[in-house]
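> Following the hints, put chains B, C and D in place on chain A, whose structure we already have.
Protein chains: 4
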Amino acid sequence: MIKTGIVGANGYTGFELMRLLAAHPQAEVTFASSRSLAGEEAAKTYPALRGAYGGMKYSEFSLDEAKKCDVVFACLPHGQSAEICGELVDAGVRVIDLSADYRYDDVSLYESTYKLTHPRKDLCAQAVYGLPEYNRDRIKNARLIGNPGCYVTASVLALKPLADAGLIDKRTVIVDAKSGVSGAGRKADIAYNFNETEGSFKAYGVTTHRHTTEIEEKSGTRVTFVPHLLPIKRGILATIYCDLKADAAEVDKAYARYENEPFVHYLGGELPEIKSVAGSNCCYIGCKAEAKTGRLIAVSCIDNLIKGASGQAVQNMNIMFGLDETVGLPRVGFHL
Amino acid sequence: MIKTGIVGANGYTGFELMRLLAAHPQAEVTFASSRSLAGEEAAKTYPALRGAYGGMKYSEFSLDEAKKCDVVFACLPHGQSAEICGELVDAGVRVIDLSADYRYDDVSLYESTYKLTHPRKDLCAQAVYGLPEYNRDRIKNARLIGNPGCYVTASVLALKPLADAGLIDKRTVIVDAKSGVSGAGRKADIAYNFNETEGSFKAYGVTTHRHTTEIEEKSGTRVTFVPHLLPIKRGILATIYCDLKADAAEVDKAYARYENEPFVHYLGGELPEIKSVAGSNCCYIGCKAEAKTGRLIAVSCIDNLIKGASGQAVQNMNIMFGLDETVGLPRVGFHL
Amino acid sequence: MIKTGIVGANGYTGFELMRLLAAHPQAEVTFASSRSLAGEEAAKTYPALRGAYGGMKYSEFSLDEAKKCDVVFACLPHGQSAEICGELVDAGVRVIDLSADYRYDDVSLYESTYKLTHPRKDLCAQAVYGLPEYNRDRIKNARLIGNPGCYVTASVLALKPLADAGLIDKRTVIVDAKSGVSGAGRKADIAYNFNETEGSFKAYGVTTHRHTTEIEEKSGTRVTFVPHLLPIKRGILATIYCDLKADAAEVDKAYARYENEPFVHYLGGELPEIKSVAGSNCCYIGCKAEAKTGRLIAVSCIDNLIKGASGQAVQNMNIMFGLDETVGLPRVGFHL
Amino acid sequence: MIKTGIVGANGYTGFELMRLLAAHPQAEVTFASSRSLAGEEAAKTYPALRGAYGGMKYSEFSLDEAKKCDVVFACLPHGQSAEICGELVDAGVRVIDLSADYRYDDVSLYESTYKLTHPRKDLCAQAVYGLPEYNRDRIKNARLIGNPGCYVTASVLALKPLADAGLIDKRTVIVDAKSGVSGAGRKADIAYNFNETEGSFKAYGVTTHRHTTEIEEKSGTRVTFVPHLLPIKRGILATIYCDLKADAAEVDKAYARYENEPFVHYLGGELPEIKSVAGSNCCYIGCKAEAKTGRLIAVSCIDNLIKGASGQAVQNMNIMFGLDETVGLPRVGFHL
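Protein chains in written order, with our numbering: chain A, 1 to 336; chain B, 1 to 336; chain C, 1 to 336; chain D, 1 to 336.
Here chain A stands alone, though its shape is the one from the complex (with noise of 0.2 Å):
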């Protein structure tokens, strides 16, 4: 069995890493640690746990602790992350940050996009961006990875195969995303209040939204990008478009190379929605080109939490232990 840990677990990404892993047969939940709700029992915040975790409590943070795991999952603030997941793998601990602390190739940008000094900039080169379709040999032998942000696993899955092909003219895209609200985390805010939610529908962000350069340098386009709220739980919808300078044959071509990938399906003309991803780590990717306007308008969809968070940090632990990528990572969506 695979040890692992969880720092910061109380919050949604956290719980949705006690879930998975609760099914997981070759891993289990050492510690799971939370500065806020330390002593208290997981249950108590999520009583879904009960039936797996029984009485588990929420543990401070303690290095000797986290030193007894073989991958420690880092669950925290933006900012906050960097420094703990460094003293960790200095300590000889792998580690899956889920924070954006160490997802860039180019730390200035990360630290203009954040407003931040990076404390870490030693272990940055060594980071491994945690996009298994694209970086699975890397992921292998990574003692540090930097596990992708919801909205650009869903853009860059999409964008990518496109870009790379040189299908598209890479300053023409624009990416209008829609997010479940457990995006935003679990807080206390009333801009999350159900009765400011339901029913409603707002873009926000928009401009300043700070995924954007993480997109931007994973899918090497320029891209405009316009994020929204929908009022449900999970689950990310991120409509594409873009600027085709090739013959629509050739985009089915560029998807071809997702075949063999066990979570992301391209489905050619088909539109995806996300009921069909949500509970599941797969993403669905589907295109249409319009000739009216010679655009080529792609979707793709994804469950923010387990491809977009905690099933990706799974899939990366899957693949550091030599384990098939797959186990214990639901491959078929809720639907209802």
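Derived from the structure by calculation, the hints contain no laboratory data. Just so you know, not all the hints are guaranteed correct.
Which copy is meant is left open, so a pair is good if it fits within one copy or across any two.
[To be verified] Straight line, CA to CA, 30 Å or less: simulated DSS-like cross-link-like pairs of lysine-lysine:
hint: 1; residue 1: Lys202; residue 2: Lys187
hint: 2; residue 1: Lys245; residue 2: Lys288
hint: 3; residue 1: Lys160; residue 2: Lys121
hint: 4; residue 1: Lys187; residue 2: Lys288
hint: 5; residue 1: Lys121; residue 2: Lys292
hint: 6; residue 1: Lys67; residue 2: Lys140
hint: 7; residue 1: Lys253; residue 2: Lys170
hint: 8; residue 1: Lys57; residue 2: Lys202
hint: 9; residue 1: Lys57; residue 2: Lys288
hint: 10; residue 1: Lys67; residue 2: Lys121
hint: 11; residue 1: Lys57; residue 2: Lys187
hint: 12; residue 1: Lys288; residue 2: Lys44
hint: 13; residue 1: Lys140; residue 2: Lys3
hint: 14; residue 1: Lys44; residue 2: Lys202
hint: 15; residue 1: Lys140; residue 2: Lys121
hint: 16; residue 1: Lys160; residue 2: Lys115
hint: 17; residue 1: Lys115; residue 2: Lys292
hint: 18; residue 1: Lys44; residue 2: Lys292
hint: 19; residue 1: Lys292; residue 2: Lys170
hint: 20; residue 1: Lys3; residue 2: Lys44
hint: 21; residue 1: Lys202; residue 2: Lys253
hint: 22; residue 1: Lys160; residue 2: Lys44
hint: 23; residue 1: Lys57; residue 2: Lys253
hint: 24; residue 1: Lys140; residue 2: Lys253
Using the frame of chain A, we list chains B, C and D on its own:
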């Protein structure tokens, strides 16, 4: 034009008063005070108000301003309302209090229920319980109205005809009620975060909810009251169980008292649902007798923010100022 | 009192007309016809109507009855509406057609879009496009109104000021629109079953949606239009992308044309959300310019059943009969 | 690997079986038949199945195919299931029937409840009621399982310990139950259209719902049963009222029987909510005694599609084939 003021206008019942009064042909909002948001535009918190109220700002409460009003609506928390309403009444302003502070006939029952000492017992006797279907005549000349609770309105309108006619065993009453989340008010509380509420359902306040004693006092029955939280914004449905002591045909006769009511509709054996009343000031009631057990099952629905709070308050205002009781009040629910 | 009739009253726009007209002080519903539900009480399908309409039944359509009306609202499917509206106009009745049949200036564009032959081309020239903010003068004396489509209203109100002022490249317009499910009408279709829709989100009609040509004709731009289905009942939000050719300050000037409009509100750089307009006849518009790309991102919101259909129809009626344009129309959205 | 077949696989319980079995390490789906969709890819109806089932098509039912299975799950409507299950059992195939046809001990009660003549009374006696917490031993060797109803599972797991221990007055039981819309199945019915369901809530089947007699038979109590329709996809919460004849402490002792159950958790005075069990095979139960009335209020929650149908069916399969009862079944609910 009736000049109205609203104290504590930044909460949901305050907003709903502003929404309803914007469509009222014979009343206008003169001031809307808010301690926490004084000086801010109301449209910042509720952008929906922009069209009808332009740049109107929440003010600090001022007795001098309030005195210029014909009537003031108090939308303050229980316990905080009694004194300010008292001051207004002392100053000769007519008051409609949406809190529980002036609802009870028996002040000691109020005090034991709310665990408070009532600061203005002198006014309690002259306060009129603002349930128009029962107190129309007294409301007309009232200086101080105790506007009924939302669960209480739904429950009492269904129970009282049965209890008054002696058709039911008053010790067998169970009210299993379900309310939308707006009933909890405008709060930055994790319990009402969208992610924690949407797609779920729970009972709360079991055996301890404060509306229990108000239902008991106003219906003249003993009640087991179990409220539940529905993942919708507006609306209450109460399913009421009691032992029937008379022939089922007597039930229709008892409800015939509502025949000419503009807002209370008895549907016989057809059971109402929330979408029929949400958005209107109506209460719909239906009943089924169960032969096997001799029980009566009554279902009662209202919009908790309208007939359960702000709409009923406007109905009371209409009566107090000699207007047609229905003026400015929606008689058709949203359905959609 | 203006006598109004509704043809095809059993659908959602018919219901919404009955709901709005119940609160209109100077109009009343004389008949509500429905082929499929003739003879049935309207309150059976829409119990919310019981209070205001009592036992009123849907009737078979009768030209004789219709002739007694001052105005008839036609709520029939596209293609079925043209002839019956023609008969009414021939008989001297003023008509507001909520279908697409009389919306287009270019009848051949209608015919290619809807794949129909228009049976009353003779009337198309005299039909007036019922967008009050642009056609107020012609609406006043119109005998036949083509009431705009819901997506079109949201899109054109945002696009036209920009296009008219020459601020944008008209070939770069992308409208990424999101609509509540009521836009699909009242249908026993598995695709709109609660289980298949709630918690999900999808694009549909990509490159083929029929509102595309109406948006193009009325805004004078070429449009990539991608509608999506939101898991909410009411409301449309359109996120509009286009290349800005002028200084961003010009944008505010272009939208100043709405300054005195009762129902269209320009918010500058604040972006509207659906909850602010749902339940009202308002359209809210906001804009952000993106320096990096030179693009303008405009967001426009309406209630698809009100400003996008039945409310706009009532607004047109008010103008046709010389009333204050806002009479009987909600100016404050539900928010909740 | 256990070879399983699914008859009537296109409905929601059939889908849920395919979803659960995709994650089951010791079972696989050999065929999935559907009369109405035979020849079509399952992923056309449920795109979520694409990843795990590829292009698998629904087949016509064939007894020869079914005979190759170790067990067949029947997901057919009540009345249509009895004969086909009978044929399968005759042919030596073990069968888990998700319909009501083999649930009742008293066949005449089944016949009066469902208004049908049972075509295979010969098999009823050997059919085992598939509630593992009570019938584990008989399930082990059963050839034919009558898998319990969803409302019944939630109600009986809460009621039976109380009734068996003689703690309650069995004639005072009221079950006020609330279910998500998936309980109504996959139907093109206007009543379950998103617009007619979202934001609303209603009682249905009052005094007539067919699960009433099954609850009564399995719990040994007389029940007033009132189901309601929640605007959520999954989950049942039953609020149960009964007169307590014993000390409240006895209640905890009665529920101690579930102490070692993997899927049934008694929470004492903490009342469960749907989000804690939705997505898992768990049932959570909590209780409060009300001193004023001597009533006990018990709340029981399950996921109607999992513990209330397909998950319980898999649990039964695990027992029948000597596997650990929990294999392949989710123990942690979604929460989100």
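> Are the hints correct? Go through all of them and say.
Do the hints match the structure? See the list:
For the identical chains of this complex, Lys202 and Lys187 are neighbours both inside a copy (18 Å) and across copies (20 Å), given an alpha-carbon limit of 30 Å. For a Cα distance limit of 30 Å, the shortest separation of Lys245 from Lys288 qualifies both inside one copy, at 14 Å, and across copies, at 28 Å. With identical chains, the CA atoms of Lys160 and Lys121 are at most 30 Å apart within one copy only, with a shortest distance of 27 Å there and 50 Å across copies. In this homomeric assembly, Lys187 and Lys288 come within 30 Å of each other (Cα to Cα) only across copies, at 27 Å, whereas the closest approach inside a single copy is 38 Å.
Taking the closest pair of Cα atoms, Lys121 and Lys292 come within 30 Å of each other only across two copies (28 Å); inside a single copy the shortest separation is 48 Å, beyond that limit. When the C-alpha separation of Lys67 and Lys140 is checked against a cutoff of 30 Å, the pair qualifies only within one copy, where the shortest distance is 20 Å, while the shortest distance between copies is 45 Å. Taking the shortest Cα distances, Lys253 and Lys170 sit within 30 Å of each other inside one copy (18 Å), while across copies they are farther apart (32 Å). Proximity of Lys57 to Lys202 under the C-alpha cut-off of 30 Å is restricted to the inter-copy arrangement: shortest distance 24 Å between copies versus 37 Å within a copy.
In this homomeric assembly, Lys57 and Lys288 come within 30 Å of each other (Cα to Cα) only across copies, at 26 Å, whereas the closest approach inside a single copy is 49 Å. In this homomeric assembly, Lys67 and Lys121 come within 30 Å of each other (Cα to Cα) only inside a single copy, at 22 Å, whereas the closest approach across copies is 64 Å. For the identical chains of this complex, Lys57 and Lys187 are neighbours both inside a copy (21 Å) and across copies (28 Å), given an alpha-carbon limit of 30 Å. Proximity of Lys288 to Lys44 under the C-alpha cut-off of 30 Å is restricted to the inter-copy arrangement: shortest distance 18 Å between copies versus 47 Å within a copy.
In this assembly of identical chains, Lys140 and Lys3 lie within 30 Å of each other by CA distance solely inside one copy; the values are 17 Å within and 35 Å between copies. Taking the shortest alpha-carbon separations for Lys44 and Lys202, only the inter-copy value of 15 Å comes in at or below 30 Å, while the best intra-copy value is 32 Å. In this assembly of identical chains, Lys140 and Lys121 lie within 30 Å of each other by CA distance solely inside one copy; the values are 22 Å within and 60 Å between copies. When the C-alpha separation of Lys160 and Lys115 is checked against a cutoff of 30 Å, the pair qualifies only within one copy, where the shortest distance is 27 Å, while the shortest distance between copies is 38 Å.
Only between protomers do Lys115 and Lys292 lie at most 30 Å apart by alpha-carbon distance; the minimum there is 18 Å, versus 42 Å within a single protomer. Proximity of Lys44 to Lys292 under the C-alpha cut-off of 30 Å is restricted to the inter-copy arrangement: shortest distance 29 Å between copies versus 56 Å within a copy. For the homomeric pair Lys292 and Lys170, the shortest alpha-carbon distances inside one copy (20 Å) and between copies (14 Å) are both at most 30 Å. When the C-alpha separation of Lys3 and Lys44 is checked against a cutoff of 30 Å, the pair qualifies only within one copy, where the shortest distance is 24 Å, while the shortest distance between copies is 40 Å.
Taking CA atoms no more than 30 Å apart as the test, Lys202 paired with Lys253 passes between copies only; the shortest distance there is 24 Å, against 35 Å inside one copy. With identical chains, the CA atoms of Lys160 and Lys44 are at most 30 Å apart between copies only, with a shortest distance of 27 Å across copies and 42 Å within one. Within a single copy, Lys57 and Lys253 get their C-alpha atoms only as close as 50 Å, which misses the 30 Å cut-off; across copies the closest is 26 Å, which meets it. With identical chains, the CA atoms of Lys140 and Lys253 are at most 30 Å apart within one copy only, with a shortest distance of 28 Å there and 52 Å across copies.
Taken one by one, the earlier hints all hold for this structure without exception.
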